[in-house]
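Asker: Just so you know, the protein sequences line up as chains A and B, in that order. Read in order, the letters of the first sequence correspond to residues 1 to 630 in UniProt numbering. Read in order, the letters of the second sequence correspond to residues 1 to 402 in UniProt numbering.
Fair warning: there could be bad hints in the mix.
[Said to hold, decoys possible] Not the full set, but computed from the structure, chain A residues with beta-carbon under 8 Å of chain B:
(1) R55
(2) G59
(3) V134
(4) F137
(5) G138
(6) P140
(7) T266
(8) E331
(9) Q433
(10) W434
(11) S435
(12) G440
(13) G443
(14) L445
(15) S450
(16) K529
Keep in mind that the hints were calculated from the coordinates and are not lab data. A quick note: this is a predicted structure, and the numbers were derived from the prediction, not measured. By construction, the Cβ of each residue, glycine as well, lies at the ideal position given by its N, Cα and C atoms.
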Amino acid sequence: MGVYLVQFLSGLASASALFLAASGLSIIFGVTRVVNFAHGSFYMLGAFFGYTFVREVGGGAIGFWVALLLAALAVGLVGLLVEFVILRRLYKAPELFQLIATFGVILIVQDAALWVWGPEDLLGPRAPGLTGIVRIFGTPMPVYDLVLIGVGPLVLAALWLLFNRTRWGILVRAATEDREMVGALGVNQSLLFTGAFVLGSMLAGLGGAIQLPKGGADLLMDFGILAEMFVVVVVGGMGSIFGAFLAAVLISLLNTFGILIWPSGTLVLMFILMAVILVVRPTGLLGRPESGGHKTEVGVEQALRPAGPHYKIFIGLLLALLLAAPLIVEEFYLVLITDVLVLALFATSLHFLMSTGGLVSFGHAAFYGGGAYAAALLVTYAATPFELALLLAPLGAGLLALVIGWFCVRLSGVYFAMLTLAFAQVAWSVVFQWSDLTNGDDGLLGIWPSAWASGTQVYYLLALAISAGGIFLIRRVVFAPFGYGLRATRDSNLRAAAIGIDIKRQQLAAFVFAGAMAGLAGGLFVFSKGSVFPDEMSIPRSFDALLMVLLGGVDSLSGPFVGAAAFTYLHDELITFEYWRLLLGLTIVALVLLFPQGLAGAAKHHLGRYLKLEAGSAGRAKQADEGRPA
Amino acid sequence: MGLRKLVTFAALAAAVTFSGTAGAADTIRIGDINSYKRLPAFTIPYRQGAELAIEQINAAGGVMGKPLELISRDDQGKPGEAVRYAEELFAKEDVVMITGSLFSHVGLALSAYADQKKRLYLAAEPLADALVWAKGNRYTFRLRPSTYMQVAMLAEAAAKSDAKRWATIAPNYAYGKDAVAAFKKILKARKPDVEFVGEQWPALFKIDAAAESQALEAAKPDGIFNVTFGSDLTKFVREGTLRELFNDRTVLGLLTGEPEYLDPLGAEAPKGWIVTGYPWSEIDTPAHKQFVDDYQAKFNDYPRVGSLVGYNTLLSIAAALEKANSTDTEALVDAFKGLSLDTPVGPITYRAIDHQSTMGAFVGLTDVRDGKGVMVDWSYRDGAAYLPSDEEVRKLRPADGS
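Full structure from sequences and hints, please.
Answerer: What follows is the structure in structure tokens.
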């Protein structure tokens with residue numbers, strides 16, 4: 001009896017810290033529509049600041065709590081800085097750019113925290129006066145846990161008062177409903193956004209600080225909490241604070257009792273719950289459907305046209321150069337370009353889904369890794385020859401995409417993105433923990449190509465052929481009737497339905513196709529490295545793909561290739577520096593601020609006036625430039 | 001950009017890349033790949049240990065008359081990146097071999113690469129048994145005592161205790177699973193009447209310590225075998241202590257006594273756990289004292305296990321180069337087989353049978369002194385004594401090309 005009651009109370013206690021962090025994320029999203037990936041970093045900073053402040057001011061019981069509040073304030077200041085310097089400039093840009101900017105912030109914060117607080121884990125200070133236990137039916141229960149149980153509802157009540165009883169809160173709610181209208185009525189929107197962002201950051205910081213007495217501060221906390229926070233926000237309903245509270249309690253209790261029943265299912269349970277809830281209630285427990293205005297968040301503004309003559313010449317030259325590469329550059333660069341080609345195919349498949357389908361996936365690495373694992377499993381268990389395994393990789397990934405897509409296409413917008421994230425996380429957990437089949441973290445090794453293809457040069461040419469073929473196929477699909485139909489579903493559900501397009505089926509087909517192409521890239525990857533590990537399916541991998549697409553530019557079809565090349569180049573150049581994450585983060589932020597259309601998009605914008613990059617845009621090209629080659 | 005410009009640019013790029021490796025240096029270059037940013041608390045001491053060794057080796061005249069040079073790369077904890085850097089180091093930097101890595105999966109990826117490309121790889125820190133057994137190959141050697149060896153040291157202590165009912169808690173991934181499987185196997189063989197009454201598998205770095213502690217308590221074990229580490233360990237120790245989980249129980253902690261894990265716990269370090277670790281301040285052999293003095297003089301910091309491993313790694317490489325008197329890969333592989341050398345913790349040998357070094361670990365009890373976790377009643381266990389019989393090793397290492 002006591003055991004279960006204590007277990008129940010422990011679940012409620014961990015729900016509190018989770019709720020604090022997640023509610024901040026929910027508020028930020030609700031008001032600014034920013035999916036703040038840096039929220040985990042704010043949580044981590046809260047813990048680090050809390051640690052420092054408790055040491056500085058936290059003498060007695062009062063000092064301790066003051067220190068926690070100070071930590072929250074400090075994180076709020078960091079949030080203010082991020083909003084003011086970066087996000088504010090991006091509210092006009094497509095929403096996904098803010099996401100990439102926040103990803104840059106994650107990298108910056110990681111290195112900054114390492115620099116300030118050093119590499120070692122810090123042991124969280126105990127709360128003075130609350131270090132003891134009470135006995136509940138004989139079972140010991142830490143007093144601090146009981147305090148935590150109280151904190152959650154307290155903050156919830158405070159937030160409720162803030163949003164329902166203050167003018168600021170009511171304006172924020174109004175902005176959540178209709179941003180333009182609030183702006184039209186003369187309310188300073190940017191001030192509201194800044195306020196909401198700071199409030200959200202503070203809550204994350206408080207969440208990180210308040211868990212100190214139960215653990216501490218370490219440099220892996222940011223990604224550690226991120227997935228969980230997103231699950232809470234999505235299960236509760238984006239933007240709903242009560243929902244976040246309910247979801248936090250539900251998930252924490254599920255975890256606590258799940259441990260008793262299924263000790264090794266700890267990672268998967270939460271995501272299964274999320275999938276079930278989203279399938280039953282697509283907008284989460286207390287969420288409301290997104291209003292129509294948020295459909296094209298990828299920011300596709302121009303209709304794509306088939307390639308013009310200059311563009312074709314350019315592509316031809318590029319291909320010729322790539323084909324000749326083995327004669328020009330030494331072997332290591334071939335390895336590097338092989339990586340770029342693989343990533344380019346991966347990014348192009350995501351780009352197809354985003355720009356043509358209007359479907360933003362946060363979990364596209366599931367199919368990249370899925371393809372890699374399909375090939376690796378076939379080689380490991382069925383001794384499948386290399387050629388066949390490479391051919392079956394996209395098939396395996398396509399099947400996975402069919403299953404995941406079947407659930408996901410029921411949703412749209414951010415909910416769709418979140419559900420793909422959740423499923424990718426499930427796929428990752430299964431691969432990570434089902435070690436009898438996948439060898440878990442130790443990965444599948446010795447997955448090399450047949451003898452004829454194992455030389456660096458031959459494999460490079462093979463990768464070039466497959467990757468270029470894949471990208472051309474994707475391009476072909478974009479301009480096929482299927483692609484046009486898909487674009488119709490992206491631009492207007494109603495009109496597409498009216499001309500007889502089965503929207504969900506169209507989207508599912510696109511999802512499966514994109515998944516299969518990502519799987520092909522994964523297959524190429526595994527044979528080039530000789531091994532595959534769960535990391536290839538993880539959240540950061542999915543972010544990499546998003547980053548490549550957005551770096552290159554969503555608007556342009558060559559964007560993903562440019563993005564993949566830029567991504568690989570940046571990584572390779574910066575990695576030799578001690579603080580390469582800081583530099584990479586700053587570079588990402590700078591690129592997003594300078595080139596909101598992406599690199600290829602910017603190039604197209606500036607050069608497009610002079611060149612015939614698109615068929616039918618000849619009228620815009622100047623006569624004088626006709627003679628110049630591309 | 002005009003066509004002419006493009007061609008010029010391409011030619012220029014080609015020229016630059018060609019000139020990259022011209023003029024091989026007069027140093028012997030060693031490639032080093034490690035997760036410097038992912039887990040800096042472990043890898044920075046490693047690099048410092050390696051740097052110290054390089055400095056001393058070069059001060060003594062280098063190897064074969066040439067100084068050693070370490071070329072480091074950060075794999076970011078990603079196996080794919082590690083393999084790419086391995087290619088880069090061999091192709092562009094002219095290294096004679098590669099070493100390093102902390103994560104087992106990165107080590108395994110590099111070992112598969114070494115096998116395929118016939119390059120020498122000395123795994124410094126990864127613990128996975130597969131590295132020298134199931135996936136062992138001619139081109140891979142390993143320095144640090146493996147999961148199996150360290151578990152065997154603890155299982156020996158477990159067999160001597162009175163505890164009959166055992167529960168385990170381990171992070172739910174390869175290392176945790178290997179450790180628990182090895183523990184059960186060895187303990188059962190040594191003491192057939194033990195019972196295993198509970199297994200907890202928290203997700204790595206996501207432990208719900210309160211719930212896990214309750215679940216372990218509910219199994220009413222006499223002994224607990226702990227494999228958690230890092231922030232998981234901190235939380236587990238806190239909750240377990242508060243909830244009286246460790247009272248009157250034999251608790252074993254794999255790696256818990258290593259400064260990397262013990263020091264962050266400060267005064268809250270558990271007392272009386274039987275652990276493997278590294279009581280660096282108390283080892284008073286002259287060789288080790290010298291190592292600690294040199295290390296502290298150079299870095300103004302005390303050595304961790306990583307420092308010792310980094311130091312021994314470079315000593316091993318220098319010894320192998322001397323023995324082979326060549327930088328040829330095949331000659332180096334043959335030199336590593338059966339290579340013996342002296343280290344600050346005593347002599348070690350790279351076994352010809354499975355390429356595992358016999359570097360051991362320290363086993364002792366944890367205690368708290370002056371607000372810090374320490375190891376007491378410790379002793380050094382030579383790794384050679386905790387490896388399975390040769391016959392068994394041959395079975396464990398199927399694809400032995402050597």
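Asker: Confirm or reject each hint.
Answerer: Tested hints:
1. R55: Check failed: Cβ of R55 (chain A) comes no nearer than 12 Å to chain B, outside 8 Å.
2. G59: violated, 18 Å
3. V134: violated, 11 Å
4. F137: violated, 13 Å
5. G138: This interface hint is violated because 11 Å lies over the 8 Å limit.
6. P140: Check passed: Cβ of P140 (chain A) comes within 5 Å of chain B, closer than 8 Å.
7. T266: holds, 5 Å
8. E331: holds, 5 Å
9. Q433: Since chain B brings a Cβ to about 5 Å from Q433 (chain A), closer than 8 Å, the hint holds.
10. W434: violated, 10 Å
11. S435: holds, 6 Å
12. G440: holds, 5 Å
13. G443: holds, 5 Å
14. L445: holds, 4 Å
15. S450: Status violated, d = 13 Å.
16. K529: Hint on K529 (chain A): holds, closest Cβ of chain B at ~5 Å, below 8 Å.
In summary, the structure is inconsistent with hints 1, 2, 3, 4, 5, 10 and 15 from the numbered list given earlier, while agreeing with the others.
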